[in-house]
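Q: Residue numbers (the UniProt record's numbering), protein chains in the order written: chain A, 1 to 308; chain B, 1 to 299.
Hint data in this document are derived by calculation from the structure and do not stem from the laboratory.
Keep in mind that this is a model prediction, so the values were computed, not measured.
For every residue, glycine included, the Cβ atom is placed at its ideal position computed from N, Cα and C.
Hints are supplied without guarantee of correctness; some may be wrong.
Just a sample of chain A residues kept apart from chain B, beta carbon distances all over 10 angstroms, derived [to be verified]:
#	residue
1	M27
2	T36
3	G65
4	I82
5	P124
6	S128
7	Q129
8	D158
9	G161
10	L217
11	I224
12	D240
13	A253
14	A274
Where chain B lies over chain A, by a calculated footprint (3+ residues, C-beta under 8 angstroms) [as the list claims (entries may be wrong)]:
#	region
15	69 to 81
16	264 to 272
17	284 to 295
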Amino acid sequence: MTIAPPVVRTAPSTASRGGGSGSVSWMAWPALVAFTIFGILPLFGVLALSFTSWNGISPELSLTGLDSWKTVLSDPGLPHAIWVTFLIMALSWLAQTPLSILLGVFIAAHKRYRTVLAVLFFIPLLLSQAAIAITYKMLLDPNFGLGASLGVEFLQQDWLGDSTLAVGVVIFVVSWQWIPFHSLIYQGGIRQIPASMYEAAEIDGAGRIRQFFSITLPQLKYTIITSSTLMVVGSLTFFDLIWVLTAGGPGDATRALAVDMYVTGFRSNLMGPASAIAVILVLVGLGLALLLRRLGGRDASQSQLEGA
Amino acid sequence: MTTVLDTRAPGRSAKVPPPSGSRRSKLSQLNWAGGLAGWLWLLIVVIPIYWIVITSFKAQADYYGTNPLAPPASPTLENYRFVLENHFVRYFFNSVIVTLGSIIPAVAVSFMAAYAIVRGSAVSRFLRTANAIFLLGLAIPLQAVIIPVYLIIIKLEMYDTLGAIILPSIAFAIPLSVLVLSNFIRDVPKELFESMRMDGATEWGTLWRLALPLTRPALVTVTIYQGLQVWNGFLLPLILTQSPEQRTLPLALASFQGQYSVNIPAVLASVVLTTLPILTLYIIGRRQLLSGLTAGFGK
């Protein structure tokens, strides 16, 4: 799971002044060095590598200027990969958001049986994407899977062999794993809505559905933005799941950017173009995070914390 | 702030104040759409899990002929024996080594950094910059920088070792850990730090004797969360190792599936086996785990 929280809480500095703070600085060094070597340096490294040619195996690494970029940008595979990425992003958002809100409302109630259900809901979050992908691969197998042995016509389709169905399966499996996570976020948001608002609405004669649309949803605005940002930015990095489930296939139907990068770099041994794709991945991610942040307005991070 | 694992109040966030009476009745009155979604989702979650478990106890020959959702007529452990014979014990220990080897140092250095950032940011520009770098780090996806990481590992001559997985795992656990831990350390009352200082304690001593005991629940949460990430990690082992001896569980699962894709009960037994340690943890420390999953936002 990759987590890239959009609303970064700017830390109000509450440290006591004067207490020889210079003496604590060294404590930040080990973490900073470790993260710089494997996090920050590679970020610049990937940009640098996109101007080189390297097959990933031999020690030779040669500068080739814009060659990799020309290759990548003129390859029809790139717009396709971007299209697949955005398709999966949009559809998984559409599938997850309404259900997560509904489930969030459901588990926000303080009822014993719902708490027990919630415990079961969260199990998929604990499994590795590899394990989940393998399970669904077996489950949906047209010859040996659930549908075949149950004899249910609808379940007997070639789920992973048909382009449209394969995209659908990816969306379903993503939702299966992530909806509990997002309903947990919504649960927190819903529990922070003041009860007095509902009481007032009740006095005014608003029904439950009206209350949901007039109070719950508007009050969840910032929660929706947080959850959506995590979904959208997170969907850029779906790799494990897609790779094990479909390996980008059938054909290139599920070859999203991250898969495209892996195949280009580590299967076709074209590290230069693969680095260029990775740079595009970073730019798309940053762009989307900023866009959603703007959508949320300036005080998103503040409102997020109300009553927390 | 409790320091014991409380398993009696599952799924309920410790930070949420108990609702008022009227609020309780409001939320408990069944919302039919939510209720429908809740029960439907239960089926969607439970059926595949149920299917994995029962099928893993079926003999391969029995699997094809019988109702897939019926429990096995004659349960067998044969599949599990087969999985264990395929070196899964080794993969299990590889995963344990990688997880512990990454998480212990990662949480330790993150805790130190978080402490320094909370205590020193007001006066130290260096610490403010460090904090900004960690916040930026939250936005860097591992996938995007995997090629340079691969190059660095090759240059360090660590390719195809468990260490190759451990080093980047440490690095990528740091940003979120620092963010969460510093938020918790910030909640420690300033007066306590002040009185430690008056007593002549060094910063190092304050970290050990004040910050550590008071933020232990947060440390447990962060450790479990990051441990889960590393345990389930697939990309780093896939790219940074090649020999079967260095496989961790998720990678071993994928190659086992590739090899025996027709033997569905055996593949599912491998899924069950690799998930068992996490499920055990979930049962023991459910609350820490769940609060850990949303730690970056809820707090």
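Q: Against this structure, judge whether each hint is valid.
A: Against the structure, the hints come out as follows:
The claim that M27 (chain A) is not at the interface with chain B is violated, since a C-beta of that chain comes within 10 angstroms of its own (minimum 4 angstroms). A cut-off of 10 angstroms between C-beta atoms contradicts the statement that T36 (chain A) is not in contact with chain B; the least separation is 7 angstroms. The Cβ of G65 (chain A) sits about 18 angstroms from the closest Cβ of chain B, beyond the 10 angstroms cut-off, so the non-interface label holds. No beta-carbon of chain B is positioned within 10 angstroms of the beta-carbon of I82 (chain A); the least distance is around 15 angstroms.
Not every C-beta of chain B lies more than 10 angstroms from that of P124 (chain A), the closest at about 6 angstroms, which undercuts listing it as non-interface. With a closest Cβ-Cβ approach of about 4 angstroms to chain B, S128 (chain A) is found to fall inside the 10 angstroms limit, against its non-interface label. Here Q129 (chain A) does not stay apart from chain B, with its beta-carbon only about 6 angstroms from theirs, under the 10 angstroms limit. Listed as a non-interface residue, D158 (chain A) keeps its Cβ farther than 10 angstroms from every Cβ of chain B; the least gap is roughly 15 angstroms.
Taking the minimum C-beta to C-beta distance to chain B, about 14 angstroms, the non-interface status of G161 (chain A) holds against the 10 angstroms cut. No Cβ of chain B comes within 10 angstroms of the Cβ of L217 (chain A); the nearest lies about 13 angstroms off, and the non-interface call holds. Once the 10 angstroms rule is applied to beta carbons, I224 (chain A) is consistent with being away from chain B; the minimum gap is 13 angstroms. Distance to chain B contradicts D240 (chain A) as a non-interface residue, since its nearest Cβ pair spans about 4 angstroms, not more than 10 angstroms.
The beta carbon of A253 (chain A) sits about 20 angstroms from the closest Cβ of chain B, which is more than 10 angstroms, so the claim that it is off the interface holds. Here A274 (chain A) does not stay apart from chain B, with its beta-carbon only about 6 angstroms from theirs, under the 10 angstroms limit. For the region 69 to 81 of chain A, the stated coverage by chain B is not satisfied: 0 residues place a CB nearer than 8 angstroms to a CB of that chain, which falls below the threshold of 3. Coverage of a stretch by a chain is defined here by at least three residues with a beta carbon nearer than 8 angstroms to that chain's beta carbons; for the region 264 to 272 of chain A and chain B the count is 3, and the condition holds.
Figure legend: the region 284 to 295 of chain A, annotated as covered by chain B; annotation consistent (3 residues with Cβ-Cβ distances under 8 angstroms, at least 3 required).
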